[in-house]
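Colleague: In case you want the letters, here they are:
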Amino acid sequence: MPSEFLNVQAYENIVLAQITKERLLDAPTINTLAQELTLLLDRYPKISLVLDLAAVDYLSSAMLGKIVALYKGVKTNKGRMAMAGVKPALMPLFKVTQLDKLMEFFPEAKDAIFLYKRKPL
Amino acid sequence: MKNLRILPGEPPPLHDLVLTRTWPSRLDLKTEIMDTIINSLRPRGVLSEGDEQWLTLCLDEAVVNAMLHGNEGDPGLSVRVEVAADAQSWTICIHDQGEGFSADAIPDVTDPASLLLEHGRGIRIMREWLTDLVYYRGGATISMHRRASSPESVADRSDQES
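Chains as they are written, first to last, in my numbering: chain A, 1 to 121; chain B, 1 to 162.
Bound conformation, chain B alone (with noise of 0.2 Å):
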């Protein structure tokens, strides 16, 4: 995939810290993970109509992607947590324990030569909606980032465009 960020080094540390924990890497723990982030940052009041939805996407691809391929699927290793919002944004990096992974692997699903592809939209998803998608230490860690105000999508404004 294109313009796909994968940086080698450690996230820059996260400020405005809201939640921080660490997963056993259980998939049947994914739900449980999933309504913890969003309820530490429902308070914070940067969550508005329809994000939790996409949010609810985003985080499942994520902590899916890490249990899955990142930690291969081992119950013995964890997925940490992180999550930072202030007033206008918020920030969500989730640590596996894999070795990362390669641009060149995820598969670009608007090539129309792979429009038939059964897996690999997962990240095209989350660019779309996200403000800021980064992986640091060489894909281990997902670094997902929203302003409050970011239009809902490329796709929606299109329409609107049109």
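Bound conformation, chain A alone (with noise of 0.2 Å):
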């Protein structure tokens, strides 16, 4: 699936979506990412979904809005979703809005991938 912004390698129903810009800030930027993501949702039911934030070094409120909807969206579909690679410069963002009680972070992608591959959904 060609992306302008996100490299997607899927191992089954384990999908790692990686977000290759690195400003989040720009509405049309946030709704196309929003909706590359979305789709994954489709493609992949009950989907382990790790999605890498390493390359990203500015991240507004509105991809955070935009981050819990994909959340919600991955467990309606009884899925699951983690978040990886997030620098410790953005980290306060989710850590003020209470975001990283929510969703579980790894340092990195390939930590996620590991768990989930350990223990299937």
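Among the hints, erroneous ones may be present.
Distance condition first, Cα-Cα at most 30 Å in a straight line; then the derived DSSO-like pairs of lysine-lysine [as the list claims (entries may be wrong)]:
| id | chain 1 | residue 1 | chain 2 | residue 2 |
| --- | --- | --- | --- | --- |
| 1 | B | Lys-2 | A | Lys-66 |
| 2 | A | Lys-87 | B | Lys-30 |
| 3 | A | Lys-46 | A | Lys-21 |
Bear in mind the hints are in silico, worked out from the structure with no lab data behind them.
Taking the hints as your guide, dock the two standalone chains into a single complex.
Modeller: Structure (structure tokens):
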């Protein structure tokens, strides 16, 4: 699935979605990315999604809202979702909004993939 | 949102102004506005390492709110920006031409019942990093203030304390 802002690799229902855009601030970028992420939920039922933010330097509250929407979609389909590679400078955004209590965070995507492979849904 | 300060009157006049400018209320100008503000502060020496990332985020929230919510997306309206800085601190005021807003309209996203809301986190994030965040003119002016020595954020402080 070609994408402007996303690299997707799938290992059965474990899906690694790497965001390749550094700045997630502009509405067109955020909306396009959100649409592409939502398509993953249609393509992979009961997904184990690893969202890799290692390339991201700037993240607006609008993008946080899209991530929450994605999380809700994953949960609706009885899937699971992990955040990976969030840079230390961005982590306070998830802490002050308490999203760190809602979602699982891993230092690197491979850590989450390893866990999901060991514990299939 | 509790404890959000929205005052009815005009903001106090700023001293040590380094920028006063008005832009059309167009989102395609957002990056230009943000860059102009940051460039006005950079030579003053009040932005430490890591500040520009947070400042960019705060400006993004403030400018988008002014254009989309305050000015209701009307490109015929404008946003006026004032930036003041001295050796220890800076203040940025962004004025829109809207009617303002009520604190009741802003959810407390740290309330567990609101955790899954898809909006309403911008002001929470701004309050975290700024030394002071006050709205004037009923919400149509945002005043963002930060002392240069302010801690990065409460989240960082709690990390250090734990």
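Colleague: Compare the structure with each hint and give your call.
Modeller: To see whether the hints hold, each was checked on the structure:
1. B/Lys-2 / A/Lys-66: holds (24 Å)
2. A/Lys-87 / B/Lys-30: holds (25 Å)
3. A/Lys-46 / A/Lys-21: Since the Cα atoms of A/Lys-46 and A/Lys-21 sit roughly 26 Å apart, the hinted pair holds (cutoff 30 Å).
Checked against the numbered hints given earlier, this structure breaks none of them.
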